[in-house]
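Novice: What follows is each chain in one-letter form.
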Amino acid sequence: MENKKKNKEENRRKFLKSTGTLALGGLALSAFISESLVAKPKSAPGKVMEFTSVEDLLSGPYESAKLRMQDEVRRSLKKPIEKRKWGMAIDIRKCIGCNACTVACIAENVLPPGVVYRPVIKKEVGSYPNVSLINLPRPCMQCEDPPCVPVCPVGATFIRKDGIIEINYDHCIGCRYCLTACPYGARVFDFGEYYTDNTPQVMAYESRPSFEYGKKWPRKKGDSPIGNARKCTFCEHRLADGLLPQCVTTCIGGANYFGDLNEPDHLINKVINRDNVTILKEEEGTSPKVFYLR
Amino acid sequence: MKKVFYVLWAVAFLFGAFGVYQKLAYGDLFVNFGSRVVWGLWVAMYIYFIGLSAGAFLLSSLVYVFKMKIFEKLGKLALITALITLICALLSIWFDLGHQWRFFEVFTTPNLPSSMMAWMIWLYTAYFLLLLGETLLAFRIDSGKLTGAKLVRKQRTLQILASVGIPLAIAFHGGVGALFGVVASNPIWHSALTPIYFLVGAILSGCALLTMIFVFLWKDKTSEDYRQISFLLGRIVLVTLLFDLLLEWSELSISMWLGSSTHTLGFKEMLYGHYWYVFWIIHILLGVIVPVVIFLVKSRKPYWVGLASLLVVFTFLGVRLNIVIPGLVTPKIAGMASAFFSKRLLYSYTPSSQEWLVGLFIVALGIALFYIGDKYLKLTNPHN
Chain A
1 MENKKKNKEE
11 NRRKFLKSTG
21 TLALGGLALS
31 AFISESLVAK
41 PKSAPGKVME
51 FTSVEDLLSG
61 PYESAKLRMQ
71 DEVRRSLKKP
81 IEKRKWGMAI
91 DIRKCIGCNA
101 CTVACIAENV
111 LPPGVVYRPV
121 IKKEVGSYPN
131 VSLINLPRPC
141 MQCEDPPCVP
151 VCPVGATFIR
161 KDGIIEINYD
171 HCIGCRYCLT
181 ACPYGARVFD
191 FGEYYTDNTP
201 QVMAYESRPS
211 FEYGKKWPRK
221 KGDSPIGNAR
231 KCTFCEHRLA
241 DGLLPQCVTT
251 CIGGANYFGD
261 LNEPDHLINK
271 VINRDNVTIL
281 KEEEGTSPKV
291 FYLR
Chain B
1001 MKKVFYVLWA
1011 VAFLFGAFGV
1021 YQKLAYGDLF
1031 VNFGSRVVWG
1041 LWVAMYIYFI
1051 GLSAGAFLLS
1061 SLVYVFKMKI
1071 FEKLGKLALI
1081 TALITLICAL
1091 LSIWFDLGHQ
1101 WRFFEVFTTP
1111 NLPSSMMAWM
1121 IWLYTAYFLL
1131 LLGETLLAFR
1141 IDSGKLTGAK
1151 LVRKQRTLQI
1161 LASVGIPLAI
1171 AFHGGVGALF
1181 GVVASNPIWH
1191 SALTPIYFLV
1201 GAILSGCALL
1211 TMIFVFLWKD
1221 KTSEDYRQIS
1231 FLLGRIVLVT
1241 LLFDLLLEWS
1251 ELSISMWLGS
1261 STHTLGFKEM
1271 LYGHYWYVFW
1281 IIHILLGVIV
1291 PVVIFLVKSR
1301 KPYWVGLASL
1311 LVVFTFLGVR
1321 LNIVIPGLVT
1331 PKIAGMASAF
1341 FSKRLLYSYT
1351 PSSQEWLVGL
1361 FIVALGIALF
1371 YIGDKYLKLT
1381 NPHN
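Chains A and B, in that order, give the protein sequences. Oh and the first sequence: position 9 is 9 in my numbering, straight run, nothing missing. For my numbering, add 1000 to where a residue sits in the second sequence, where the first one is 1.
Please keep in mind that the hints were generated in silico from the structure rather than gathered at the bench. All residues carry an ideal CB built from backbone N, CA and C; glycine is no exception. Check the hints yourself; a few may be wrong.
To give an idea of the chain A side of the interface with chain B (calculated C-beta under 8 Å), a few residues [to be verified]:
#	residue
1	103
2	104
3	107
4	121
5	126
6	128
7	129
8	150
9	151
10	155
11	173
12	176
13	182
14	195
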């Protein structure tokens, strides 16, 4: 009887000892794993960071996903232009429809009335009371097989080596055939208007130049880009300086991803190589380089 | 009567010139088309006039290629009409450009072979040159200065030119239709019927224009020829009109019978939308039913034939508008219409006063050119 009791006691001790070791080992292991996974520069040395948000998952060793993407852009810029392929992903679950990107784009590119590169389409789905709102920002899709390029009678629009569809403002005759060809309505025409038309004075800030396609385009009567087709350029003038497109930078919800589709490690490829990715109007066969996450 | 005409013409020309001045001085500030309905009245006028030109030209081939004696007197009239309407068409599309002074780039840096617009421009340039050459030759032959072997040689050249002109006219106006047809993102343009529909429409409107001019402006209205020609022309217009209607029925019925809503929105807009009356009243009633009845009942009465043709010609601008506008008033992505507000991003269109004025200028110019041509070249009063 006594022996039995002793044995039991011993067994318990053994058990506690082994589980204790396991638990301690487990703790050490998890600490090791998290330490190796979590970015070092983020916190003070020796302090273990915890995963707190999706942002942390996305940012890698950077302070934010945006800084990570910016660094990725800068690294891609070191490659020859033909090795780059810029792409964008928009997480429509995160888009709150604030139009900050629309407005930031207008400010960045000094867009006049009627010219908008990135409207946010708001679509109500379901029927009352079971309704929800989908916000769908719509930049230029920078298609791999763009319908707007072959229709141009003078070849003023073309696919750049890095995949961005460029419009040569000095060459475009303003026939607007490309506007009809784009299945996304991404191209607009510059009618030469100003927001401060019909006020005592057209404000100087409306005539300041835009910097599209690496050139200065001051707004002057009759001069390009007035009378031209215009569209989103992925802010290629910012990219050239290692900055993200303005819409990506400005998005308060971090709903935009941008990077080099040729770089498997870039965040953009991490988010689009999943099953929740979709593209607009797949049936058109245009192969957009703008992806939507849902 | 003449005085009233002169005054009306002068008023139209002056007002029109004001519209032209506005366009040249202020660009596109006063137009009502935008970035959604990207093409408006001027593009519709372009395809209207260029159709008239192709149609008139193809009718002239009855004289210069097929040597139909009965229409001989109409040959030069048809050529000059084709030339003037072509000039009107080119002016219409030139005014439509955002950068009018860069038009030469379509010749210096054409995007061939991929751009249907570039093809069309090169084809109508070739057509323009051929038409010019053929017209000059036709007048030279009829001047009576050529005799013997030289005359025969020139007549032979004229026939060859006119023969080359037939496939060229078909190619270039088919090309205008193809320009619309190849736009895959626009379901109501993207049809294999589009170029054919353009061609038949061209023959219809061009023949109707010549019939109208012949009936009303021909000096010798008492001859048997006059009655005979107007009867035959009326018959040509009637047959083409019915064929055109068949094509239209085919296009609309096949698209709409069980068609998905996104593919038929444009047609629905045309039939039941804001401008339903352009289709039902202007086109179907005044452009089809009334002329067909007249052609059937009064086919031997030249004035009635002329009136029916006039109805076809005038209402055909509505047909052309109904190709351009309904194809553009439907959002390509649901919700686009309310995504961003601007008058340039509306999915509706009514031509502005400036657009009408420029249109008026082009018509007035065409009439003036015809008047001058008729006066000096005796188009409606050939001496032979």
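Novice: Would you check whether residue 182 of chain A satisfies its interface hint, that is, whether its CB is within less than 8 Å of any CB in chain B?
Specialist: Cβ of residue 182 of chain A sits 7 Å from chain B, so the hint holds.
Novice: Taking the closest Cβ pair, is residue 129 of chain A under 8 Å from chain B?
Specialist: violated (21 Å)
Novice: So, as I understand it, the hint says residue 104 of chain A touches chain B; can you test that by seeing if any CB pair is closer than 8 Å?
Specialist: This interface hint is violated because 14 Å lies over the 8 Å limit.
Novice: Checking hints one by one. Is residue 173 of chain A an interface residue toward chain B, by the C-beta closer than 8 Å rule?
Specialist: Residue 173 of chain A check passes; min Cβ-Cβ to chain B is 5 Å, inside 8 Å.
Novice: Against chain B, run the beta carbon of residue 151 of chain A and see if the smallest gap drops under 8 Å.
Specialist: holds (6 Å)
Novice: How about residue 195 of chain A: closest beta carbon in chain B under 8 Å, or not?
Specialist: This interface hint is violated because 10 Å lies over the 8 Å limit.
Novice: Verify the interface restraint on residue 150 of chain A: the C-beta must sit less than 8 Å from at least one C-beta of chain B.
Specialist: With a closest approach of 4 Å, the residue 150 of chain A hint holds.
Novice: Quick check on the hint: residue 126 of chain A CB to chain B CB, less than 8 Å?
Specialist: violated (14 Å)
Novice: Tell me if the interface restraint on residue 128 of chain A is satisfied: Cβ within less than 8 Å of some Cβ in chain B.
Specialist: Result: violated, 17 Å to nearest chain B Cβ.
Novice: A closest beta-carbon separation below 8 Å is what the hint needs, so does residue 176 of chain A meet it against chain B?
Specialist: holds (4 Å)
Novice: Measuring from the C-beta of residue 107 of chain A to each C-beta in chain B, is the shortest one below 8 Å?
Specialist: Violated: closest Cβ of chain B sits about 15 Å from residue 107 of chain A, beyond 8 Å.
Novice: Tell me if residue 121 of chain A is really an interface residue toward chain B, meaning its C-beta lies closer than 8 Å to one of theirs.
Specialist: For residue 121 of chain A, the interface hint holds, since the closest Cβ of chain B sits about 4 Å away, which is under 8 Å.
Checked against the numbered hints given earlier, the structure breaks hints 1, 2, 3, 5, 6, 7 and 14 and satisfies all the rest.
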